[in-house]
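Trainee: Read top to bottom, the protein sequences are chains V and S.
Quick note: to get the working numbering, add 27 to the position in the first sequence (first position is 1).
Quick note: to get the working numbering, add 27 to the position in the second sequence (first position is 1).
Don't take every hint at face value.
Note: identical chains are not told apart, hence a pair may lie in one copy or across any two.
Taking lysine to aspartate or glutamate and the EDC-like style, the derived pairs with C-alpha atoms no more than 20 Å apart in a straight line are [to be verified]:
1) LYS106 with GLU86
2) LYS95 with GLU116
3) LYS113 with ASP97
4) LYS102 with ASP64
5) LYS72 with GLU91
6) LYS95 with GLU109
7) LYS84 with GLU116
8) LYS72 with GLU86
9) LYS100 with GLU116
10) LYS106 with GLU91
11) LYS95 with GLU79
12) LYS113 with ASP64
13) LYS113 with GLU86
14) LYS113 with GLU103
15) LYS100 with ASP39
Don't read these hints as lab results, they were simulated from the structure.
Number of protein chains: 2
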Amino acid sequence: MMRRDIFQAIADPTRRAIITLIALNAMTPNALANHFDMTRQAVSKHIRILTECQLVKQEQAGREIYYKLDTNKMKELDKWLEQFRKIWESRFNQLDHVLATIKKQKK
Amino acid sequence: MMRRDIFQAIADPTRRAIITLIALNAMTPNALANHFDMTRQAVSKHIRILTECQLVKQEQAGREIYYKLDTNKMKELDKWLEQFRKIWESRFNQLDHVLATIKKQKK
DNA sequence: TAAATTTGCAACCTATTAGTTTCATAAAAA
DNA sequence: TTTTTATGAAACTAATAGGTTGCAAATTTA
Numbered sequence: 028m029m030r031r032d033i034f035q036a037i038a039d040p041t042r043r044a045i046i047t048l049i050a051l052n053a054m055t056p057n058a059l060a061n062h063f064d065m066t067r068q069a070v071s072k073h074i075r076i077l078t079e080c081q082l083v084k085q086e087q088a089g090r091e092i093y094y095k096l097d098t099n100k101m102k103e104l105d106k107w108l109e110q111f112r113k114i115w116e117s118r119f120n121q122l123d124h125v126l127a128t129i130k131k132q133k134k
Numbered sequence: 028m029m030r031r032d033i034f035q036a037i038a039d040p041t042r043r044a045i046i047t048l049i050a051l052n053a054m055t056p057n058a059l060a061n062h063f064d065m066t067r068q069a070v071s072k073h074i075r076i077l078t079e080c081q082l083v084k085q086e087q088a089g090r091e092i093y094y095k096l097d098t099n100k101m102k103e104l105d106k107w108l109e110q111f112r113k114i115w116e117s118r119f120n121q122l123d124h125v126l127a128t129i130k131k132q133k134k
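Hey, can you work out the whole structure from these sequences and the hints?
Mentor: Here it is, written out as structure tokens:
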């Protein structure tokens with residue numbers, strides 16, 4: 028089976044919606060499927076992909092399975108963004124500096 | 028043409044590599060293609076996708092075109108992550124609180 | 001001017017994706 | 001026990017993604 032990563036997982040809008048839905052409260056596949064205009068099986072396939080890259084954790088309760096977001100994996104995305112955050116923050120500082128210089132000249 | 032978004036753009040590992048390469052210094056398609064085991068045209072297609080969702084900006088210099096990352100669009104990803112960052116930070120605080128309580132009980 | 005270089009675009013091919021329907025299994029309810 | 005409910009998995013399909021080759025246009029160099 029294809030090796031999935033978190034970047035591929037969040038590329039799909041349905042999966043992003045699922046992630047948001049189960050971020051705070053665990054939900055069953057059936058409950059999740061009610062939120063989308065597709066079959067429960069299609070939603071289940073998305074859950075499978077999210078599980079494969081460890082973005083969700085599950086808890087069995089009788090015949091029901093509750094899925095919930097595992098925020099640990101989300102941190103990987105944050106980590107990747109870190110390198111660019113440095114860049115845009117330094118640029119903002121540069122702009123800030125430019126604005127301050129202009130202000131100074133106007134005085 | 029398909030409407031692309033940043034999530035789809037960063038799903039591909041080659042595009043993530045391109046983003047990292049042009050984050051600090053602008054590069055031409057030819058120069059970029061040297062870094063990958065694929066044709067220049069394939070790299071160009073990736074650049075096109077990054078351009079479509081405004082992740083890169085370009086600057087023409089004669090017959091050469093220099094592409095560079097536009098960090099503004101990257102902030103959208105950061106914004107989306109924000110909601111989850113709150114969750115994992117609050118959990119860390121909870122754990123922090125638990126540890127503090129255990130420490131207290133040991134005394 | 002002629003040749004070489006840089007680039008984007010179109011046509012094409014194959015693998016993957018995201019949905020569907022159908023089915024099997026396990027647990028709960030009647 | 002029988003029926004209903006919740007779930008995952010398999011087989012199939014249409015659309016999309018990501019690569020290729022070939023080409024045309026514009027700029028630079030010889």
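Trainee: Which earlier hints can't be squared with this structure?
Mentor: Per hint list: 1, 4, 10, 12 and 13 violated.
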